[in-house]
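Model the full assembly from the supplied sequences, consistent with the hints where possible.
If you're matching them up, the sequences are chains A and C in order.
So in this note's numbering, spot 347 of the first sequence is number 347, and the numbers just go up one at a time.
So in this note's numbering, spot 327 of the second sequence is number 327, and the numbers just go up one at a time.
Hints listed in this document are in silico derivations from the structure and should not be mistaken for laboratory results.
You can't tell identical chains apart in this list, so a pair holds if it fits in one copy or across any two.
Keeping only pairs whose Cα atoms sit at most 16 Å apart, straight-line, the calculated EDC-like set for lysine to aspartate or glutamate is:
1. K328 / D131
2. K224 / D13
3. K147 / E102
4. K147 / E103
5. K123 / D31
Protein chains: 2
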Amino acid sequence: MEKEFVKSITAMDKDFAQWYTDVVTKADLVDYSSVRGSMIIRPYGYALWENIRDALDGMIKETGHENVYMPLFIPESLLEKEKDHIAGFAPEVAWVTHGGSEELAERLCVRPTSEVLFCEHYKNIIHSYRDLPKLYNQWANVVRWEKTTRPFLRTLEFLWQEGHTAHETDEDAHEETKRMLDVYATLLEDYLAVPVVKGQKTEKEKFAGAKFTYTVESLMHDGKALQSGTSHHLGDGFAKAFGINYLDREGKLQHVHQTSWGMTTRVIGALIMVHGDDRGLVIPPKVAPTQVMIVPIAQHKEGVLDFAYGLKERLSGAFRTGIDASDKNPGWKFNEYEMKGVPVRLEAGPRDIEKNQVVLVRRDTGEKLIATLDEVEEKLGALLTDIQQNLFDRAKELLEKKTSVAENMEQFKERLESNPGMIKAMWCGKRECEDKIKEETGATSRCIPFEQEKVSDTCVCCGGKAESMVVWAKAY
Amino acid sequence: MEKEFVKSITAMDKDFAQWYTDVVTKADLVDYSSVRGSMIIRPYGYALWENIRDALDGMIKETGHENVYMPLFIPESLLEKEKDHIAGFAPEVAWVTHGGSEELAERLCVRPTSEVLFCEHYKNIIHSYRDLPKLYNQWANVVRWEKTTRPFLRTLEFLWQEGHTAHETDEDAHEETKRMLDVYATLLEDYLAVPVVKGQKTEKEKFAGAKFTYTVESLMHDGKALQSGTSHHLGDGFAKAFGINYLDREGKLQHVHQTSWGMTTRVIGALIMVHGDDRGLVIPPKVAPTQVMIVPIAQHKEGVLDFAYGLKERLSGAFRTGIDASDKNPGWKFNEYEMKGVPVRLEAGPRDIEKNQVVLVRRDTGEKLIATLDEVEEKLGALLTDIQQNLFDRAKELLEKKTSVAENMEQFKERLESNPGMIKAMWCGKRECEDKIKEETGATSRCIPFEQEKVSDTCVCCGGKAESMVVWAKAY
Numbered sequence: 001m002e003k004e005f006v007k008s009i010t011a012m013d014k015d016f017a018q019w020y021t022d023v024v025t026k027a028d029l030v031d032y033s034s035v036r037g038s039m040i041i042r043p044y045g046y047a048l049w050e051n052i053r054d055a056l057d058g059m060i061k062e063t064g065h066e067n068v069y070m071p072l073f074i075p076e077s078l079l080e081k082e083k084d085h086i087a088g089f090a091p092e093v094a095w096v097t098h099g100g101s102e103e104l105a106e107r108l109c110v111r112p113t114s115e116v117l118f119c120e121h122y123k124n125i126i127h128s129y130r131d132l133p134k135l136y137n138q139w140a141n142v143v144r145w146e147k148t149t150r151p152f153l154r155t156l157e158f159l160w161q162e163g164h165t166a167h168e169t170d171e172d173a174h175e176e177t178k179r180m181l182d183v184y185a186t187l188l189e190d191y192l193a194v195p196v197v198k199g200q201k202t203e204k205e206k207f208a209g210a211k212f213t214y215t216v217e218s219l220m221h222d223g224k225a226l227q228s229g230t231s232h233h234l235g236d237g238f239a240k241a242f243g244i245n246y247l248d249r250e251g252k253l254q255h256v257h258q259t260s261w262g263m264t265t266r267v268i269g270a271l272i273m274v275h276g277d278d279r280g281l282v283i284p285p286k287v288a289p290t291q292v293m294i295v296p297i298a299q300h301k302e303g304v305l306d307f308a309y310g311l312k313e314r315l316s317g318a319f320r321t322g323i324d325a326s327d328k329n330p331g332w333k334f335n336e337y338e339m340k341g342v343p344v345r346l347e348a349g350p351r352d353i354e355k356n357q358v359v360l361v362r363r364d365t366g367e368k369l370i371a372t373l374d375e376v377e378e379k380l381g382a383l384l385t386d387i388q389q390n391l392f393d394r395a396k397e398l399l400e401k402k403t404s405v406a407e408n409m410e411q412f413k414e415r416l417e418s419n420p421g422m423i424k425a426m427w428c429g430k431r432e433c434e435d436k437i438k439e440e441t442g443a444t445s446r447c448i449p450f451e452q453e454k455v456s457d458t459c460v461c462c463g464g465k466a467e468s469m470v471v472w473a474k475a476y
Numbered sequence: 001m002e003k004e005f006v007k008s009i010t011a012m013d014k015d016f017a018q019w020y021t022d023v024v025t026k027a028d029l030v031d032y033s034s035v036r037g038s039m040i041i042r043p044y045g046y047a048l049w050e051n052i053r054d055a056l057d058g059m060i061k062e063t064g065h066e067n068v069y070m071p072l073f074i075p076e077s078l079l080e081k082e083k084d085h086i087a088g089f090a091p092e093v094a095w096v097t098h099g100g101s102e103e104l105a106e107r108l109c110v111r112p113t114s115e116v117l118f119c120e121h122y123k124n125i126i127h128s129y130r131d132l133p134k135l136y137n138q139w140a141n142v143v144r145w146e147k148t149t150r151p152f153l154r155t156l157e158f159l160w161q162e163g164h165t166a167h168e169t170d171e172d173a174h175e176e177t178k179r180m181l182d183v184y185a186t187l188l189e190d191y192l193a194v195p196v197v198k199g200q201k202t203e204k205e206k207f208a209g210a211k212f213t214y215t216v217e218s219l220m221h222d223g224k225a226l227q228s229g230t231s232h233h234l235g236d237g238f239a240k241a242f243g244i245n246y247l248d249r250e251g252k253l254q255h256v257h258q259t260s261w262g263m264t265t266r267v268i269g270a271l272i273m274v275h276g277d278d279r280g281l282v283i284p285p286k287v288a289p290t291q292v293m294i295v296p297i298a299q300h301k302e303g304v305l306d307f308a309y310g311l312k313e314r315l316s317g318a319f320r321t322g323i324d325a326s327d328k329n330p331g332w333k334f335n336e337y338e339m340k341g342v343p344v345r346l347e348a349g350p351r352d353i354e355k356n357q358v359v360l361v362r363r364d365t366g367e368k369l370i371a372t373l374d375e376v377e378e379k380l381g382a383l384l385t386d387i388q389q390n391l392f393d394r395a396k397e398l399l400e401k402k403t404s405v406a407e408n409m410e411q412f413k414e415r416l417e418s419n420p421g422m423i424k425a426m427w428c429g430k431r432e433c434e435d436k437i438k439e440e441t442g443a444t445s446r447c448i449p450f451e452q453e454k455v456s457d458t459c460v461c462c463g464g465k466a467e468s469m470v471v472w473a474k475a476y
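Structural data, given as structure tokens:
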């Protein structure tokens with residue numbers, strides 16, 4: 001037997017950033033490479049992404065969208081067509097200047113997002129109201145030239161889907177913007193068990209070129225917020241810049257109204273920082289690459305391995321089931337699959353076989369459960385459902401606990417200090433106050449929640465007339 | 001009703017290249033953009049790719065491989081580590097030189113293939129024979145700076161999967177090289193209904209950095225060959241260049257032995273040029289986005305649309321079923337779905353409803369078939385199976401018809417002229433003869449088939465001692 005090292009990680013409370021790095025590497029989600037700011041997504045991390053992607057892709061198709069694929073490169077002149085858009089993205093794009101040994105006449109940017117490519121295509125294929133709506137989506141890699149990077153949360157290159165739609169009316173585009181934000185909320189809450197706050201971004205924080213931006217914001221264990229998906233109403237700004245016109249039902253030429261919306265590998269970061277603990281990852285059953293890991297006990301004894309493999313075979317139809325029959329000791333294996341956040345460990349040893357039973361151990365609570373062989377599918381199914389729900393409930397409770405109300409700046413600072421998390425506070429709507437709050441507290445406006453509350457009468461910053469309640473937080 | 005244009009395309013025999021361009025655009029597979037040499041894959045084209053990808057991904061996973069994701073960018077110094085590899089790829093890579101406004105200290109190449117990234121990662125994660133084999137695959141976009149491009153066949157950017165594996169022994173790597181070539185042959189023959197010739201590439205045509213390359217070659221309608229998938233035995237060349245070592249079962253330090261293998265969106269080009277005809281695309285049922293298209297006849301008459309939608313609902317469980325209930329006339333619809341290569345058209349009008357039947361029309365033969373309502377699933381299932389088989393048989397027959405034998409150069413030229421296609425001819429193994437054949441005939445060595453025949457005693461070119469039979473052809 002090889003010497004076995006039990007993996008250990010930094011405690012969350014001691015150093016949250018180091019805890020995060022330990023988890024993503026020791027749970028074998030990612031590895032680093034010599035490409036600055038990029039990550040290698042390892043098999044376990046990619047299997048998790050595949051489950052998330054497939055769930056989201058299913059919802060995108062159910063809501064009538066079709067997948068397409070656009071080019072990776074965008075000619076500089078095309079990117080410049082919509083002025084706000086290029087102003088927002090220019091500082092963070094990578095430029096291709098040479099093909100082979102030839103210098104290019106025009107630089108190509110590696111797509112940071114693909115609005116302009118979709119616009120050019122829509123101009124080609126949209127002529128009449130009969131061509132609308134166009135409901136397209138693409139799964140792709142994009143590049144943004146970030147200075148400071150962290151696996152999943154902020155990387156030079158990341159994987160995502162980007163939806164791009166064109167509609168007859170502003171209202172239709174608005175409906176779509178809301179519909180896709182709801183899809184994101186469903187993915188986060190029902191699949192990743194991550195509760196979100198839905199709302200609108202302020203003017204300062206909206207997407208470059210959009211009329212307005214909707215967002216789902218989640219809250220990490222350390223009290224920082226994470227923007228987890230955005231849906232933009234683009235209005236007709238891009239349509240005007242690109243000349244995307246259609247003949248309406250009265251035969252009049254009109255601009256289309258557009259939306260775009262995206263969700264990225266970043267949500268894996270949310271999943272880790274919402275559910276993880278000092279023993280490592282905790283993955284919600286619905287997206288877990290392995291839902292049940294079988295660990296044979298005293299596997300050298302006669303019949304144990306046959307029994308364990310029989311169970312694996314039997315359970316694989318209903319659950320994503322793994323087995324570790326390596327010659328490492330059970331303690332090492334327990335530790336390993338806890339680190340990897342497998343929702344349920346199934347132990348089976350000689351005494352269990354004798355009693356016609358197995359032991360089920362929950363990752364989220366550590367609770368043990370005996371299941372006789374004829375009830376194992378039923379108990380496992382119920383357990384996975386319960387774990388999924390418990391993870392959500394726990395996260396929801398944390399979000400509520402870490403959400404404070406502030407009526408003035410003194411309270412704002414005190415609460416952010418004593419209970420790091422989200423601050424609900426009224427805002428006058430002025431950019432100056434938003435900037436000042438960031439400068440003085442480090443917190444940014446996360447969103448203007450759809451569910452408004454009147455937590456006080458005046459702007460938390462200037463004391464002027466309050467326009468809306470904003471959720472503020474330090475953010476990733 | 002809008003004015004309806006029936007789409008028409010150039011005849012194959014008149015101008016095959018123009019026929020191809022007409023098909024890919026008029027069947028709505030692709031569109032062009034302002035990005036030179038790149039294509040937009042439209043919903044119908046992408047749905048076809050998704051079906052191909054899912055079938056291949058399933059086989060890749062069944063053979064024990066795991067998906068990962070590697071960075072898009074490769075630092076120049078990393079690409080240069082294996083000398084043959086960089087020599088082969090340097091002329092066709094795109095270079096990123098700037099990030100935002102900053103000039104990079106080291107240029108980054110946009111991956112043309114990812115061997116060097118996998119090698120760097122393998123060096124990190126492989127230490128002992130217990131870590132082997134590593135069987136990884138990735139689905140990604142790659143870029144090769146091509147001068148002349150055509151949708152699917154040769155584009156600046158394309159989508160593919162690339163497998164990269166590491167093994168204890170040369171034999172294990174060899175087994176893997178063969179296994180994955182067989183997977184490609186299965187995908188092409190059993191799913192795309194495209195018959196292939198399996199064999200080994202000559203030294204001249206092998207992958208840059210490989211010990212040897214296996215290939216599956218298919219033959220298009222115009223007599224040109226298309227390399228449709230390759231599997232490379234990399235030997236230990238990369239392992240030596242990158243220092244990928246492991247402790248073997250005797251505790252001795254060894255280099256790993258590697259393979260890589262790839263299949264791309266190019267196979268869509270093969271499918272088009274093998275099965276298409278003068279009415280457009282013909283898609284094999286197993287990968288068709290729509291297997292059955294319902295066209296209601298006299299749909300303004302009472303009950304027709306209800307009947308048609310009822311059928312759609314009923315058939316959707318078993319078949320990928322579409323319905324076109326637009327106000328275009330049936331003739332336009334027949335033409336449209338023939339252009340799109342939908343395997344079966346289902347017509348249902350008032351007289352059919354009266355008789356409790358529908359009409360099924362095959363895309364491949366044009367044959368019509370009556371099915372009563374209680375046998376429609378059964379007949380449709382059998383029909384789709386039959387179409388799949390017929391397409392393969394037809395293509396196989398064409399491949400055989402367009403394959404000639406040549407014993408000397410005169411015969412070689414005459415046969416390539418009179419019956420454009422594959423030429424089986426003996427070869428001495430010398431590069432000079434291979435070059436001369438290309439120079440004089442335009443045909444290149446496609447492969448040294450695994451199934452060897454002795455078609456003559458001497459090299460077709462120099463008359464020297466024959467080493468093996470080679471299949472030659474002009475190629476895409």
